[in-house]
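S.K.: Each residue of the sequence shown is one higher than the one before, counting from 829 in this note's numbering.
Simulated from the structure, these hints should not be mistaken for lab results.
Just so you know, these numbers come straight off a predicted model, no measurement behind them.
A portion of the hints provided could be inaccurate.
Simulated restraints, written as ranges between beta carbons of each label pair [said to hold, decoys possible]: (1) 1296 <-> 1254: 43 to 53 Å; (2) 896 <-> 1103: 25 to 35 Å; (3) 1266 <-> 1049: 56 to 66 Å.
No more than 25 Å apart at the CA atoms, straight line, and that leaves these computed lysine to any residue pairs for SDA-like [what the hints assert, rightly or not]: (4) 969 <-> 981; (5) 969 <-> 880; (6) 969 <-> 1206.
Beta carbons are placed, not taken as given, at the ideal position from N, Cα and C, and that holds for glycine.
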Amino acid sequence: MTDRQHLLVHGGTFVAVGDGGDISGVRGGGGSHSAPDGMFVRDARHLSRWQLTVDGAVPEALSPVTDGDSARCVLVPRGGRQEPPAHTLFREQAVTDGSFVESLRITSNRPVPTTVRVAVTADADFTDQFELRSDHRTYAKTGAVRSRQVLDDGVEFRYQRGEWRSCTTVTCEPAPDGVEETGTGARRLVWALDLEPHGSAELALRVAARPHGMPAPQVPPTPAVANARLLALEGEFAEGVPFPSGWPELAAACARGLADLAVLQVPATGPDGEELRVPAAGVPWFLTLLGRDALLTSLFALPYRPQLAAATLPALAAAQATEVGVGTVAQPGKIVHEVRHGELAHFGQVPYGRYYGSVDATPLFLVLLGAYVEQTGDTALAHRLEPNARAAIGWMLDHGGLTSRGYLVYRADEGGLANQNWKDSPGAICSGDGSRPTGPVMAAGAQGYAYDALRRTAQLARTVWDDEVYAALLEQAAGDLRDRFQRDFWMADRAFPALALDGDGNHVDALASDAGHLLWSGLLDKEYGELVGRRLLEPDFFSGWGVRTVASGQPAYHPLSYHRGSVWPHDNALITLGLARYGLHDEARAVAHGLVDAATVAGYRLPEVLAGYGRGTHAEPVPYPHACVRESRSAAAPLALLTAVGGA
829 MTDRQHLLVH GGTFVAVGDG GDISGVRGGG GSHSAPDGMF VRDARHLSRW QLTVDGAVPE
889 ALSPVTDGDS ARCVLVPRGG RQEPPAHTLF REQAVTDGSF VESLRITSNR PVPTTVRVAV
949 TADADFTDQF ELRSDHRTYA KTGAVRSRQV LDDGVEFRYQ RGEWRSCTTV TCEPAPDGVE
1009 ETGTGARRLV WALDLEPHGS AELALRVAAR PHGMPAPQVP PTPAVANARL LALEGEFAEG
1069 VPFPSGWPEL AAACARGLAD LAVLQVPATG PDGEELRVPA AGVPWFLTLL GRDALLTSLF
1129 ALPYRPQLAA ATLPALAAAQ ATEVGVGTVA QPGKIVHEVR HGELAHFGQV PYGRYYGSVD
1189 ATPLFLVLLG AYVEQTGDTA LAHRLEPNAR AAIGWMLDHG GLTSRGYLVY RADEGGLANQ
1249 NWKDSPGAIC SGDGSRPTGP VMAAGAQGYA YDALRRTAQL ARTVWDDEVY AALLEQAAGD
1309 LRDRFQRDFW MADRAFPALA LDGDGNHVDA LASDAGHLLW SGLLDKEYGE LVGRRLLEPD
1369 FFSGWGVRTV ASGQPAYHPL SYHRGSVWPH DNALITLGLA RYGLHDEARA VAHGLVDAAT
1429 VAGYRLPEVL AGYGRGTHAE PVPYPHACVR ESRSAAAPLA LLTAVGGA
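Can you make the complete structure from the sequences, with help from the hints?
M.R.: Printed below as a string of structure tokens:
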């Protein structure tokens, strides 16, 4: 694929098209975060080809698709300067949850009647997203059958494997003159359009995806209708948020983030089967519920959009583990890390149907529950989720390791994630020389979350559950954890906490941004916290756009590493909140201004991650090559900045 990709997103559906609006069906590019093109719903590709030809040739983009909520482009037949295009095509596309709609207007540029042969080649391969990642793994699909059925007004593609059934229906207005076989499984819908002199003809094409177990979606009649609904949704979601008048760039970043959060919500189910909408992690690969991501997104948005927390908490409670699961890393009381709905998860070929490989989702669940009650005064949710909260505390103390090891601890999961904190890539937890620890790992940031979780749950026990004994127990556990942490993690010779401890209690000594999370959770004494906060603003850490995940100058550092030198907006949002908590307001403003400046360069949208190159040598932030373009934590990060520094 030579042209750029453009992502259209709404709920649990995204469509990736090229500059001319086509879907070529190629596999993902050179990294785990490079998007394949296609239409994806619930982890499966429901449209793998969507290619327009005019008179047998692919037109070229006179005005390519621009980034936005809908895709619009202008196309013409390929030709030279001596022969002006015979006609012009105006193409508009939009997506809603479970559907993709296109309008195509062909206008003749000739003074005489003409006939134009228009064709759209469509296919649905129903490939699971896990098959499209850069590792190119293959999965056996015994008995799988794909079929096609020509309809009066289009074509339907079907897929069946055992009890698993999916289908994609393409309908057109006017109906195609014919539906042709291509020899590849795709079908070509063709029209012979008679155009008057300088006249026009229009086609409306609608794609409805029906994943396994889901009802058929309601497809809007046109992209204009779909786009109007989307704009209304985005406007409603941003309504009433107090944007800072004195800092228009932050206001614009907050507005852009809220618009993204409005469409990055996917269906989930609560403990009583109630339907909920929760923040998805991001597109392209993570348009699903990830515990850590949804919790942090909801925390950032809590002062402005508490309904995200009100949905996320019961959704995660409903998926909370109740027993040990070897392949899924489940343990009683543990909060889920990732929920998937695709074919491979359904048949147990990947462990991510419900996967629990996260050391920090469980304490963050408790942090959000406590913060939600404090922010809203709504104690009903805390009463309803009391058994879930107590089970989560039980996991931290028992399986999580607080009682036996003194800290939350994880071990690499051979079938899943090697690291189970937020820096979850294989080499992310490392010493300054780049070497990786072996055996159990106790990551610093997770201990901060555990401390905050214990304190906030103690407050709930005292004020909502009327259990003073339990509250005192949790407060004692929190105080003991704080004392242990500052004794065991603090590297006195560097005046900075270790990134982690290995199984023998040795320092994993990379200087890393996770120290800023300790400020957010309040784990460090004031003296230590101020030292850490000021250290994070020194040039080896602070790139000018944000705090690097790993400080430069260490062998472990690489500006284009996913977790070892890059700049993550959500990481920096937590750091900024922590700096403000410790009274380091100048430092908090410096980080906030760096992030907002980075957002301003990119249309006020913060990506998942930026490269770690410094602002002094690069006048604009350098993109990370495989970042999620829309990511819920990054979308909510400007709201966290607003909380931390106001309109300063």
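S.K.: Indicate, hint by hint, whether the structure satisfies it.
M.R.: Cross-check of the supplied hints:
no. : hint                      : result
1   : 1296 <-> 1254: 43 to 53 Å : holds (45 Å)
2   : 896 <-> 1103: 25 to 35 Å  : holds (29 Å)
3   : 1266 <-> 1049: 56 to 66 Å : holds (59 Å)
4   : 969 <-> 981               : violated (31 Å)
5   : 969 <-> 880               : violated (31 Å)
6   : 969 <-> 1206              : violated (48 Å)
When each numbered hint is compared with the structure, violations occur for hints 4, 5 and 6.
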